[in-house]
Amino acid sequence: MKKKSSISKKPMSPLAKKEAIQGYIGLLPWLIGFLCFTAVPLIAAFCLSFTYWDILTPIRWAGLNNFKEIFQDGKILSSLWNTFRYTAIAVPLTTALGLLIALMMNQKARGILIFRVIYYLPAVLPATAVALLWIWILNPEFGIINTFLSYIGITGPAWLNDPHWAMSGVIMRACWGVGGGMILFLAALQNVPQSYYDAAKIDGGSAWQCFKKVTLPMISPTIFYFVITGTIASLQEFTLFKVMTDGGPVESTTTFVLYLYNVAFGRYNIGYASALSWIIFFISLVLTWIMFKSSTWVYYEEEGK
Amino acid sequence: MKREISSAKRKKQIVSILLFIVLALGSFVFLFPFFWMISTSLKTDSEVWSYPIKWIPSKLIWKNYIEIFNILPFWRYFFNTFFITFCRITGQVISCSIVAYTFARLKFPGRNVLFILMLSTMMIPGVVTLIPSFVFFSKLNWVNTWLPLIVPMMFATPFNTFLLRQFYMALPKELDEAAKLDGCSIWGIFIRILLPLTKPAIAAIVVFEFMAGWNDFMGPLLYLVDDKLYTVSLALSFFQGKNHTDWQLLMAASTVASIPLLALFAIAQKYIIGGITMTGIKG
Numbered sequence: 001m002k003k004k005s006s007i008s009k010k011p012m013s014p015l016a017k018k019e020a021i022q023g024y025i026g027l028l029p030w031l032i033g034f035l036c037f038t039a040v041p042l043i044a045a046f047c048l049s050f051t052y053w054d055i056l057t058p059i060r061w062a063g064l065n066n067f068k069e070i071f072q073d074g075k076i077l078s079s080l081w082n083t084f085r086y087t088a089i090a091v092p093l094t095t096a097l098g099l100l101i102a103l104m105m106n107q108k109a110r111g112i113l114i115f116r117v118i119y120y121l122p123a124v125l126p127a128t129a130v131a132l133l134w135i136w137i138l139n140p141e142f143g144i145i146n147t148f149l150s151y152i153g154i155t156g157p158a159w160l161n162d163p164h165w166a167m168s169g170v171i172m173r174a175c176w177g178v179g180g181g182m183i184l185f186l187a188a189l190q191n192v193p194q195s196y197y198d199a200a201k202i203d204g205g206s207a208w209q210c211f212k213k214v215t216l217p218m219i220s221p222t223i224f225y226f227v228i229t230g231t232i233a234s235l236q237e238f239t240l241f242k243v244m245t246d247g248g249p250v251e252s253t254t255t256f257v258l259y260l261y262n263v264a265f266g267r268y269n270i271g272y273a274s275a276l277s278w279i280i281f282f283i284s285l286v287l288t289w290i291m292f293k294s295s296t297w298v299y300y301e302e303e304g305k
Numbered sequence: 001m002k003r004e005i006s007s008a009k010r011k012k013q014i015v016s017i018l019l020f021i022v023l024a025l026g027s028f029v030f031l032f033p034f035f036w037m038i039s040t041s042l043k044t045d046s047e048v049w050s051y052p053i054k055w056i057p058s059k060l061i062w063k064n065y066i067e068i069f070n071i072l073p074f075w076r077y078f079f080n081t082f083f084i085t086f087c088r089i090t091g092q093v094i095s096c097s098i099v100a101y102t103f104a105r106l107k108f109p110g111r112n113v114l115f116i117l118m119l120s121t122m123m124i125p126g127v128v129t130l131i132p133s134f135v136f137f138s139k140l141n142w143v144n145t146w147l148p149l150i151v152p153m154m155f156a157t158p159f160n161t162f163l164l165r166q167f168y169m170a171l172p173k174e175l176d177e178a179a180k181l182d183g184c185s186i187w188g189i190f191i192r193i194l195l196p197l198t199k200p201a202i203a204a205i206v207v208f209e210f211m212a213g214w215n216d217f218m219g220p221l222l223y224l225v226d227d228k229l230y231t232v233s234l235a236l237s238f239f240q241g242k243n244h245t246d247w248q249l250l251m252a253a254s255t256v257a258s259i260p261l262l263a264l265f266a267i268a269q270k271y272i273i274g275g276i277t278m279t280g281i282k283g
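Chains as they are written, first to last, in our numbering: chain A, 1 to 305; chain B, 1 to 283.
Don't read these hints as lab results, they were simulated from the structure. There are no misleading hints in this set.
25 Å max Cα-Cα, derived PhoX-like pairs, lysine-lysine:
(1) Lys201(A) - Lys9(B)
(2) Lys173(B) - Lys18(A)
(3) Lys180(B) - Lys17(A)
(4) Lys17(A) - Lys107(B)
(5) Lys199(B) - Lys180(B)
(6) Lys199(B) - Lys107(B)
(7) Lys11(B) - Lys201(A)
(8) Lys107(B) - Lys18(A)
(9) Lys11(B) - Lys212(A)
(10) Lys293(A) - Lys213(A)
(11) Lys228(B) - Lys242(A)
(12) Lys173(B) - Lys199(B)
(13) Lys9(B) - Lys212(A)
(14) Lys270(B) - Lys199(B)
(15) Lys213(A) - Lys201(A)
(16) Lys107(B) - Lys180(B)
(17) Lys180(B) - Lys18(A)
(18) Lys173(B) - Lys107(B)
(19) Lys108(A) - Lys9(B)
(20) Lys212(A) - Lys293(A)
(21) Lys108(A) - Lys12(B)
(22) Lys242(A) - Lys75(A)
(23) Lys173(B) - Lys17(A)
(24) Lys12(B) - Lys212(A)
(25) Lys108(A) - Lys270(B)
(26) Lys12(B) - Lys201(A)
(27) Lys108(A) - Lys201(A)
(28) Lys213(A) - Lys108(A)
(29) Lys212(A) - Lys108(A)
(30) Lys12(B) - Lys213(A)
(31) Lys213(A) - Lys11(B)
(32) Lys228(B) - Lys139(B)
(33) Lys108(A) - Lys11(B)
(34) Lys201(A) - Lys212(A)
Values in this document were obtained by computation on a predicted structure and should not be read as measured data.
Given these sequences and hints, build the entire structure.
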């Protein structure tokens, strides 16, 4: 180990130089894609946000007008609020549910393998098919949810047709796909060494204490990962809203990304849409930063392998 | 002493029975939508709208499944989706393997910085690059072709590369060194020795990309205009617009669209779960 580090400080040997060249060649399948489909579009999105453009007619300089318009556009706040409502409910709910189910699945019980498959199955289905299925499930008169509610004497709401309930309907569908999170948490739970639990038991720890002091810290990196990726994905959720509600009724489920999509590809207002896209970029960045800053609860085991 | 043990045993038994009951009740919630989808797909039009709800159709109308193939050129959509997905998978497996091996095994200045750069691009919301990419592809005259869906996937993407790179890191270095002594070149080691050993990780990527390809909705929605080029997901969403009330047909179409993913899941279950474990998300 020491030898290697002393070599790297010397000027490169011809052999090392050859390897370095091969290394850069080996990165090309990523670098070209990164430049063409990430770096250049990022710069272009920045430049486009200072223009008026509908792709067809010549591009015109707009200065800061697009950004000024943001502050006058009332739809931004309402669409951001919808995105926020969805994210703030769906992410904690799917995290908690996924974790709870994973904890149950981690026990030894009869037929546990079949249960794992059953709970994971909804996460496997194609998103559009599931969205259609849920429109039908949430049908006010003939859907199963309101039918079950009527059995216990509740008249269910009109769900996707009611501006007050449409978002709840979409969130219910998101919870049905909780199996994805479950599998992730289950994998983490199975990586916790049994010896830790044995040690906790010898010390007389109750099941709750075991969970709080052993399980939770050990799987906290996975929870953290799931919350961050889940938040970024929820902020951008498109298919669900586009197919299930297309933003309605009365724009009660028009999320920010749906609004941006309509501005860009409905009105072909490319410049303004580019300016809007920076809002979601900025929000994701700030949220990720806050989550990393407040991640003191995440426990990283020292790499001692 | 003996009694204490047996009481602890009994307690464990009760807990496991309770667990079974809770999980079974939960299974009902998770499975019922499936049942409802299939039940609806086999009803007559009048039974779909019968009140109170008929849980099981009085007569199974298999004809619904034939009818959707008459209304929509579903076979074509299946072929289109399979073809696009196949290209995606091939592109990802080849390009990500090369880049993962490079990051894991070759030494060159700036390797760590570039690796972190690659990982950090995972955090960029796709929405930001969406519009310029659309402009780019429309200037190339690629709109209304499959190229915008396929070409970007020919290049290594961060998540798959990361997964493979972790796998390469776990392979013993002795393998490379032995091969080097036998006169194997850098890329010889990759193709002959290490690549065959990463089969489980490649299988996981194949499965993930299959699911991603089959599920992609925004891409086809943006780039495909001609309905001959549609993918299954896109066709399904337009089918809804055309047939607002024929739920038996919509559910039959949704069932058919789900079959490839369900089949994949049945075949590749262990790779799906294995792949998730493999990323070993530890920060």
